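Chemist: So the chains spell out like this:
Number of protein chains: 2
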Amino acid sequence: MIGKLNHVAIAVPDITEASKTYRNVFGAKVSEQIDQPEHGVKIVFIKLPNTQIELISPLNKNSPISKFLKKNPNGGIHHLCYEVENIDLAIEKLSEKDFGLLEPGKPKLGAHGKPVIFLHPSKCNGTLIELQQE
Amino acid sequence: MIGKLNHVAIAVPDITEASKTYRNVFGAKVSEQIDQPEHGVKIVFIKLPNTQIELISPLNKNSPISKFLKKNPNGGIHHLCYEVENIDLAIEKLSEKDFGLLEPGKPKLGAHGKPVIFLHPSKCNGTLIELQQE
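Sequence order for the protein chains is F and X. Each residue of the first sequence is one higher than the one before, starting from 1 at the first, in our numbering. Each residue of the second sequence is one higher than the one before, starting from 1 at the first, in our numbering.
Keep in mind that the hints were calculated from the coordinates and are not lab data. Keep in mind that the hints are not guaranteed to be accurate.
No distinction is drawn between identical chains; accordingly, a pair holds when it is met within one copy or between any pair of copies.
When the alpha-carbon atoms are kept at most 27 Å apart in a straight line, the in silico DSSO-like pairs for lysine-lysine are as follows [as the list claims (entries may be wrong)]:
#1 Lys67 to Lys93
#2 Lys108 to Lys42
#3 Lys97 to Lys67
#4 Lys29 to Lys114
#5 Lys42 to Lys106
These numbers were taken from a predicted model, which means no experiment stands behind them.
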């Protein structure tokens, strides 16, 4: 079912500083900042040869990332995103195996403009997993 | 400096259960368990088309993973490993930028039999980063 690792999302308290570390210290290709008010986050992509790192930071106080950063003030790895060929089929298979979604129901449009679902960390070794249609 | 994402390491309390989830629920290619007494861990690789996930679990009570699992009993993402062309050059560049290593000095032989260093999470947005020679 799962294919490529689409991205690793790292929540950071200061996206400008974090981008500088990846650009100037690690010498990585770093995108411009992209604000996504509909998701309450700002994002910077670190382009690696085989996948990408997504730096995410809150855009406002009600951001879904704020709670995570309160618990992890220095930042931390927030989630992993695996690609799936067909998100509806993935949901069907997961429900057959009684494998709960974080928010059951239809997939939502994710930050990359593709349908996504999130799996509950309690079922996945404490890791938040996003499945994104290829 | 950094190249491919070599692996994402997920610390898990029960490596057999975690392997089953990846094999049976996620339909991923899962390796046999590899015991590494010299590192105090047992490892299972999840082979994805573009990178790999490394499930790690303690082999004994003094394992470097035990402390992490005490803090995160369900497991969690432990570190990211980026490849670098030349580990000695990477150490030189990091020290020029006053960017501390977790254990300063020479690189060690990592779990993949290649020279590695670890960077301090306080410098990297709360994420533990391993650099591994290609």
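Chemist: Among all the numbered hints in the text so far, which are the ones the structure does not match?
Modeler: 1, 3
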